[in-house]
Amino acid sequence: MQRVGLYPGTFDPITAGHLDIIGRGLKLVDKLIVGVAVNEAKKPLFSLDERTAIVEEETAKLHNPRNVEIEVRSFDNLLMHFAETCGAHVIIRGLRAVSDFEYEFQMTAMNEQLNREIETVFLMADVQHQAVASRLVKEIAKFGGDISSFVTPSVRAKLLEKYK
1 MQRVGLYPGT
11 FDPITAGHLD
21 IIGRGLKLVD
31 KLIVGVAVNE
41 AKKPLFSLDE
51 RTAIVEEETA
61 KLHNPRNVEI
71 EVRSFDNLLM
81 HFAETCGAHV
91 IIRGLRAVSD
101 FEYEFQMTAM
111 NEQLNREIET
121 VFLMADVQHQ
131 AVASRLVKEI
141 AKFGGDISSF
151 VTPSVRAKLL
161 EKYK
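Per the UniProt record's numbering, the very first residue in the sequence shown carries number 1; after that it's consecutive.
Derived by calculation from the structure, the hints in this document are not laboratory data.
Check the hints yourself; a few may be wrong.
[Claimed, not checked] Just the calculated beta-carbon pair ranges, DEER-fashion:
id, residue 1, residue 2, range
1, K142, M1, 38 to 48 Å
2, T85, L62, 21 to 31 Å
3, E117, G144, 41 to 51 Å
4, L136, E56, 21 to 31 Å
Just so it is clear, CB atoms sit at the ideal spot from N, CA and C, and this is done for glycine as well.
Could you put together the complete structure from these sequences and hints?
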């Protein structure tokens, strides 16, 4: 049986931290679906199509020695419904800090009530990425700060273009 994982997020934009979690998630599954959420409540800078294309571009560059299939899909429904549609067995989530844990703990408890067959696995962010958040990266870029250690050169260029 193929183990299918789902790594959901808004990815506005995708950061080095996200890419680290994706790369580590590839070690756990046979197929990884990166779910790009609509999430209008976060008022994304990039459109859904732009975010999806950027995630596709960036995940294609990842070191993937097991040749795990990576699929990027957008979604605008409940995470558990999307996971069921994808045939996911596991949801992969990254944790940066205690505040992430509190939110993720509550989400996992609710998701388990919706479908007990899908497990949630938490991966701790690498130390160098623990403070990185898309929201902060956008703010730094908007005010002319150096974001090169937080995103890839391609994402950096796309962000700077948005803030011209």
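These are the hints, each one checked on the structure:
1. K142 with M1: 38 to 48 Å: holds, 46 Å
2. T85 with L62: 21 to 31 Å: With a Cβ separation near 24 Å, T85 and L62 satisfy 21 to 31 Å, so the hint holds.
3. E117 with G144: 41 to 51 Å: Distance hint for E117, G144 holds at roughly 48 Å.
4. L136 with E56: 21 to 31 Å: holds, 24 Å
Checked against the numbered hints listed earlier, the structure breaks none of them; every hint is satisfied.
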